[in-house]
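Peer 1: Each chain is listed here by its residues.
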Amino acid sequence: MKMNSASGKQLLQLFQVVAKRPFLQQSFRTATYIVERKYPAPLAKIHKYPSLRRRHQVFNTVQDKNPTPYVRPLMNVLLTEYVENVGQPGECVEIWAKTGRELILKHKAVYPTPENKEKYRDATALNIMNYSSRYVKNTMDILSKLILFITMNKDVPWTLEPWHVRVAFRKAHIIVPDHAITLPKNPIKGPDLTLNGKEFYVTVTINKTEQVIVRSRIVHWTSKVEERLPWVPFPFKKPAPLLFEEDKVIEAQLPAIEPLKMNEDELEDFIAKMKLKSQGKILVKKIL
Amino acid sequence: MSAGVRSLLPYNRLRRLKNTHNVWIVSVLPVPYQKFYREWMGSEDKETPVHWKPVDSEWVRNPETGEVKRFQNVPIPVLYPDQMHEGLWGGEGVIEGLVKKGKYRCPVPRFWVPNFYKTVVYSEILDKYLSIVVTERALELIDQHSGLDSYLLNTPAYDLKSLLALKLKRKLLFSILDKDFLVNNLEKQTNLVEKYKDCLIPRDDVEWYGYSVQEAQLKYRMLLKEQSQPVALKHEIRRKYYQSLINKDFDEPPTESVSWVKKMNPFTKPAQAP
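Here the protein sequences line up with chains A and B, keeping their order.
Per full-length UniProt numbering, numbering through the first sequence is continuous, rising by one, with the last residue being 288.
Per full-length UniProt numbering, numbering through the second sequence is continuous, rising by one, with the last residue being 274.
It cannot be assumed that every hint is accurate.
[Unchecked claim] Using 25 Å as the maximum straight-line C-alpha spacing, the simulated PhoX-like pairs for lysine-lysine come out as follows:
| # | chain 1 | residue 1 | chain 2 | residue 2 |
| --- | --- | --- | --- | --- |
| 1 | B | Lys171 | A | Lys106 |
| 2 | B | Lys118 | A | Lys108 |
| 3 | B | Lys53 | A | Lys106 |
| 4 | A | Lys38 | B | Lys167 |
| 5 | B | Lys18 | A | Lys119 |
| 6 | B | Lys46 | A | Lys45 |
| 7 | A | Lys45 | B | Lys53 |
| 8 | B | Lys101 | A | Lys106 |
| 9 | A | Lys208 | A | Lys224 |
| 10 | A | Lys119 | B | Lys188 |
| 11 | B | Lys128 | B | Lys100 |
| 12 | A | Lys117 | B | Lys188 |
| 13 | A | Lys98 | B | Lys118 |
| 14 | B | Lys103 | A | Lys38 |
| 15 | A | Lys145 | A | Lys208 |
| 16 | A | Lys108 | B | Lys128 |
| 17 | A | Lys48 | B | Lys46 |
| 18 | B | Lys234 | A | Lys106 |
| 19 | B | Lys234 | B | Lys219 |
| 20 | B | Lys195 | B | Lys167 |
| 21 | A | Lys261 | A | Lys145 |
| 22 | A | Lys208 | A | Lys237 |
| 23 | A | Lys38 | B | Lys118 |
| 24 | A | Lys198 | A | Lys145 |
| 25 | A | Lys198 | A | Lys208 |
| 26 | A | Lys48 | B | Lys69 |
| 27 | A | Lys171 | A | Lys106 |
| 28 | A | Lys98 | B | Lys248 |
| 29 | B | Lys69 | A | Lys45 |
| 30 | A | Lys119 | B | Lys35 |
| 31 | B | Lys46 | A | Lys108 |
| 32 | A | Lys119 | B | Lys234 |
| 33 | A | Lys98 | A | Lys145 |
| 34 | A | Lys38 | B | Lys188 |
| 35 | B | Lys69 | A | Lys38 |
| 36 | A | Lys261 | A | Lys224 |
[As the list claims (entries may be wrong)] Listed next, the stretches of chain B that the computed footprint assigns to chain A, with coverage defined by at least 3 CB atoms under 8 Å from CB atoms of chain A:
| # | segment |
| --- | --- |
| 37 | 111-117 |
| 38 | 228-235 |
No lab work stands behind these hints, which were simulated from the structure alone.
Since we're looking at a predicted model, the values are computed, not measured.
Each residue gets a CB set at the ideal place from its N, CA and C atoms; glycine is no exception.
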């Protein structure tokens, strides 16, 4: 096993070295070649061609490949109908040239010529979806699938406030301001281990217009290692009981949670591996 | 011919040397085709340089010494293989040359070949999707002209180069002249005809536009054959007779013509009084 893993690593390193070589990078090239004479040609009389030698055929490549780091070529496009994550009708958008050309082929967009701009000036009336910006649909999709784990203290008493939720969002790589978060009507107080892992709903307003409901659960945590709650495998793949019974109506509207794809045997193996890993971490900490 | 010899020849002379046979054929063909061929192959000076950067000024100052010298643009020869005529390369071609990889190493031959895609392009006038081989430069040019049709119609033959593009252009020109495209949507048709009003050329030129030399030769031969073939007289007489029948009115009563012999004959019955 050790031999295999080592050889795999070596192969990967070798591939990384080889992939940087110019003859492999050529296949990703899209720019046109521009060539220059290494030894410039001699002067001839006006309107005459100079006599050339073999050395005048030696060329240097001036423009060879795409700029590094690779930048996608952009293109302006005028949309004729609503396109997800791109924009609204009548809007002039700068996007990747490849997607822009595809949209034009499907008649979802046109070139932004002055004639077309006059033609689609009143196209904003066709805006059926009425999103406040073009990234709203994408963020709404992400937030509605998210399960937010709010870590709270197990020792010190607290009541849930918007800034607790803000910090939990930040841990999930989503930045939400305080005024955009609305908590449930009933106050949530702790520390209370009966709350642990139960589901309630937090609403987030985007651009002060669109509202999204986010699943959220409270997890208790202490600085003392011995008093911590046991580790649960894949809590975000399992449905949880509701904290408030009023929320049953909202639960039906939300998209279903994706179940775990592992077998029971695979799961056991996975848990054993993770335990070994965690033990190792603790041991290292104790030694240090 | 080795790699060295080809590029050492003068750029304009090289093409002419290659085309000596073709030039002889073209001199016999009709005048509209000669006009097209001069636009396509005979105007090297007007071509936009793709693979090298020209200097606009005739005089250049040396930055170190401050010496002023005359400067001459010497174009780099580009090869256009036969496969170019099956796609849209946007004026790109293959460069053949040498590369020096070290100070004390002898130069090694190298070919600079463009990168190709197979993509779909949409033509507004023909209302058709075409799947063709294309370079990135061609796609950028189409975007600059905002559409395939305006790219083909506005660029001259010496920049289009490929026969596929020229044939498409001929089709577009014919459809604009005849106004037989987008019959269901007449508003769009009139708008497009007005848009490409300046790109039009006379019909006689369009009929000989975008043919290769061999194709034009074949077309001219067929034309001569049709003209020189003797036509039997019976066809024309029959045609005249049919036309006379068509023009004749059968409703009118035929006028009676009485010969003078009948008038003189005393034994004939006299005409009945009305």
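Peer 1: Determine for every hint whether it applies to the structure shown.
Peer 2: Hints and how they fare:
1. Lys171(B) <-> Lys106(A): It holds: about 24 Å lies between the C-alpha atoms, which stays within 25 Å.
2. Lys118(B) <-> Lys108(A): Given that 25 Å is the threshold and the Cα spacing comes to 22 Å, the pair holds.
3. Lys53(B) <-> Lys106(A): violated, 37 Å
4. Lys38(A) <-> Lys167(B): Violated. Lys38(A) to Lys167(B) sits at ~39 Å, over the 25 Å cutoff.
5. Lys18(B) <-> Lys119(A): This hinted pair is violated, its Cα atoms lying about 51 Å apart.
6. Lys46(B) <-> Lys45(A): holds, 21 Å
7. Lys45(A) <-> Lys53(B): holds, 21 Å
8. Lys101(B) <-> Lys106(A): Given that 25 Å is the threshold and the Cα spacing comes to 48 Å, the pair is violated.
9. Lys208(A) <-> Lys224(A): Violated, at roughly 41 Å.
10. Lys119(A) <-> Lys188(B): Holds, because 13 Å separates the two Cα atoms, which is no more than 25 Å.
11. Lys128(B) <-> Lys100(B): The hint is violated at about 48 Å.
12. Lys117(A) <-> Lys188(B): holds, 16 Å
13. Lys98(A) <-> Lys118(B): With a Cα-Cα distance of about 13 Å, the restraint between Lys98(A) and Lys118(B) holds, given a limit of 25 Å.
14. Lys103(B) <-> Lys38(A): Holds - the C-alpha atoms of Lys38(A) and Lys103(B) are around 12 Å apart, at most 25 Å.
15. Lys145(A) <-> Lys208(A): Between Lys145(A) and Lys208(A) the Cα gap is close to 21 Å, so the pair holds against 25 Å.
16. Lys108(A) <-> Lys128(B): holds, 17 Å
17. Lys48(A) <-> Lys46(B): holds, 17 Å
18. Lys234(B) <-> Lys106(A): violated, 58 Å
19. Lys234(B) <-> Lys219(B): Roughly 29 Å separates the two Cα atoms, so the pair is violated.
20. Lys195(B) <-> Lys167(B): holds, 21 Å
21. Lys261(A) <-> Lys145(A): Holds: Lys261(A) and Lys145(A) sit about 17 Å apart, inside 25 Å.
22. Lys208(A) <-> Lys237(A): violated, 31 Å
23. Lys38(A) <-> Lys118(B): Roughly 34 Å separates the two Cα atoms, so the pair is violated.
24. Lys198(A) <-> Lys145(A): holds, 17 Å
25. Lys198(A) <-> Lys208(A): violated, 28 Å
26. Lys48(A) <-> Lys69(B): holds, 17 Å
27. Lys171(A) <-> Lys106(A): This hinted pair is violated, its Cα atoms lying about 40 Å apart.
28. Lys98(A) <-> Lys248(B): violated, 68 Å
29. Lys69(B) <-> Lys45(A): Answer holds: Lys69(B) to Lys45(A) is near 13 Å, not above 25 Å.
30. Lys119(A) <-> Lys35(B): violated, 40 Å
31. Lys46(B) <-> Lys108(A): violated, 38 Å
32. Lys119(A) <-> Lys234(B): violated, 61 Å
33. Lys98(A) <-> Lys145(A): violated, 29 Å
34. Lys38(A) <-> Lys188(B): violated, 53 Å
35. Lys69(B) <-> Lys38(A): holds, 19 Å
36. Lys261(A) <-> Lys224(A): violated, 34 Å
37. 111-117: Three-residue rule met by the segment 111-117 of chain B, so holds; n is 3.
38. 228-235: Since three or more residues must qualify, the claim that chain A covers the segment 228-235 of chain B is violated, with 0 doing so at under 8 Å.
Consistency note: the structure conflicts with the earlier hints numbered 3, 4, 5, 8, 9, 11, 18, 19, 22, 23, 25, 27, 28, 30, 31, 32, 33, 34, 36, 38.
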